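Engineer: These are the residues of each chain, in order.
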Amino acid sequence: EAGVVQSPRYKIIEKKQPVAFWCNPISGHNTLYWYRQNLGQGPELLIRYENEEAVDDSQLPKDRFSAERLKGVDSTLKIQPAELGDSAVYLCASSLYLGASGNETQYFGPGTRLLVL
Amino acid sequence: AQKITQTQPGMFVQEKEAVTLDCTYDTSDPSYGLFWYKQPSSGEMIFLIYQGSYDQQNATEGRYSLNFQKARKSANLVISASQLGDSAMYFCAMFRPSTLNTPLVFGKGTRLSVIA
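Same order as they appear, the protein sequences are chains S and W. Just so we're aligned: 106 in the numbering used here is position 106 of the first sequence, and the numbers increase by one with no gaps anywhere. Just so we're aligned: 16 in the numbering used here is position 16 of the second sequence, and the numbers increase by one with no gaps anywhere.
So here's chain S without its partners, still in its complex pose (with noise of 0.2 Å):
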C-alpha cells in the first residue's frame, strides 16, 4: 500500500514569490492534515480537510496561505507572497476515522522543505 506522496521534496525560493506543495493522502482516508514544521520544533497543525470541508483552518495565516482539497483526495497548500520566516518543513498526514473511542493513527509523508531566501 503506498504511502503518503508529498511533491516537491525540497524548494528554494526568493521570498515574495508564491510557492505550491502538493499531498496524495494514503487510499480510503478521509481527513487529511497540512502541519508545518519549524527547525528544532514538532510539527504544528495549519489546516485539516475531512473529505473536501476545511474543517479546522484556525491556524492557518489566511493572508498568504491557501489550501484546497477539491475532491476530497489530493491537497494544494499555497503561500503567496511567502516570506523569510515561512522556511520550514512541510508535512500532510492523513487518517481514516475509526469513530470516538477509535486508535486513529495518522501517517505522515516525507514533506517538503522549503527555504525562502
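Since the hints were derived computationally from the structure, they do not count as laboratory data. Remember, it's a predicted structure, so these values are computed and weren't measured experimentally. Be a bit skeptical, because a hint or two may be false.
What the hints assert, rightly or not - Derived lysine to any residue pairs resembling SDA-like cross-links, with alpha carbons at most 25 Å apart: (1) S:78 / S:55; (2) S:71 / S:60; (3) W:3 / S:81; (4) W:108 / S:57; (5) S:11 / S:41; (6) W:73 / S:41; (7) S:62 / S:14; (8) W:108 / S:116; (9) S:78 / S:60; (10) W:3 / S:105; (11) W:3 / W:71; (12) S:11 / W:42; (13) S:78 / W:13; (14) S:62 / S:2; (15) W:3 / S:116; (16) W:3 / W:56; (17) S:62 / S:44; (18) W:3 / S:86; (19) S:16 / S:87; (20) W:3 / S:38; (21) W:108 / S:58; (22) W:108 / S:110; (23) S:11 / S:80; (24) S:11 / S:81; (25) W:3 / S:59.
Unchecked claim - DEER-style ranges, computed between Cβ atoms: (26) S:29 / W:31: 14 to 24 Å; (27) W:18 / S:55: 32 to 42 Å; (28) S:83 / W:28: 28 to 38 Å.
Backbone N, C-alpha and C fix where the C-beta goes; we use that ideal spot for every residue, glycine too.
Chain S is fixed; fit chain W onto it per the hints.
Structural biologist: The following block gives chain W in isolation, referenced to the frame of chain S:
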C-alpha cells in the same frame, strides 16, 4: 489545553543497549491517545507505537514499548537493543479520540544518537 513535554533535547546510547525517552503530558480529558513518532534525517514522520488512556496494558511493538504511568501523566518510550538505524528525532504526541479527527499535539522532540 493539551500539552506535551519532552525534557531531553538529546540522548546518547550504546548500540545494543536499551534507552528510555521521556514524555509527560497535560490534559483534562479522560479519553486520549498517545503516540510516538520517529523522524530520521530524511524528514518523514514514522509511526512507532500507540497507547490509549483506557488501555490496561502498556503497548509494545517489537523493540518499542511504552511505559505508561497514567497517575504521573507520563508515557515514556523504551527502545530495547538499540541499533545504529535508531538514530533520529523522536516525538511524543497526543490526541483526543472523543473529538472528531483532532490534530496531534507534539512535543519538541528528543534527538537520539546510537553509538557503535
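Engineer: If a hint holds in the structure, say so; if it doesn't, say that too.
Structural biologist: Outcome of the hint check:
1. S:78 / S:55: holds (18 Å)
2. S:71 / S:60: Roughly 21 Å separates the two Cα atoms, so the pair holds.
3. W:3 / S:81: At roughly 32 Å apart (the allowed maximum being 25 Å), residue 81 of chain S and residue 3 of chain W break the hint.
4. W:108 / S:57: holds (22 Å)
5. S:11 / S:41: holds (20 Å)
6. W:73 / S:41: Distance of about 21 Å is within 25 Å: holds.
7. S:62 / S:14: Answer holds: residue 62 of chain S to residue 14 of chain S is near 20 Å, not above 25 Å.
8. W:108 / S:116: holds (23 Å)
9. S:78 / S:60: holds (11 Å)
10. W:3 / S:105: holds (19 Å)
11. W:3 / W:71: holds (16 Å)
12. S:11 / W:42: It holds: about 15 Å lies between the C-alpha atoms, which stays within 25 Å.
13. S:78 / W:13: Not OK: residue 78 of chain S and residue 13 of chain W at ~41 Å, beyond 25 Å, violated.
14. S:62 / S:2: Between residue 62 of chain S and residue 2 of chain S the Cα gap is close to 31 Å, so the pair fails against 25 Å, i.e. violated.
15. W:3 / S:116: violated (30 Å)
16. W:3 / W:56: Holds: residue 3 of chain W and residue 56 of chain W sit about 23 Å apart, inside 25 Å.
17. S:62 / S:44: holds (16 Å)
18. W:3 / S:86: Judged against 25 Å, a Cα distance of about 24 Å means the pair holds.
19. S:16 / S:87: holds (12 Å)
20. W:3 / S:38: Satisfied, since the Cα-Cα distance of roughly 18 Å is no more than 25 Å.
21. W:108 / S:58: holds (21 Å)
22. W:108 / S:110: Since the Cα atoms of residue 108 of chain W and residue 110 of chain S sit roughly 18 Å apart, the hinted pair holds (cutoff 25 Å).
23. S:11 / S:80: Judged against 25 Å, a Cα distance of about 14 Å means the pair holds.
24. S:11 / S:81: Satisfied, since the Cα-Cα distance of roughly 14 Å is no more than 25 Å.
25. W:3 / S:59: Satisfied, since the Cα-Cα distance of roughly 17 Å is no more than 25 Å.
26. S:29 / W:31: 14 to 24 Å: Holds, at about 22 Å.
27. W:18 / S:55: 32 to 42 Å: Because 41 Å falls inside the window, the suggested range holds.
28. S:83 / W:28: 28 to 38 Å: holds (36 Å)
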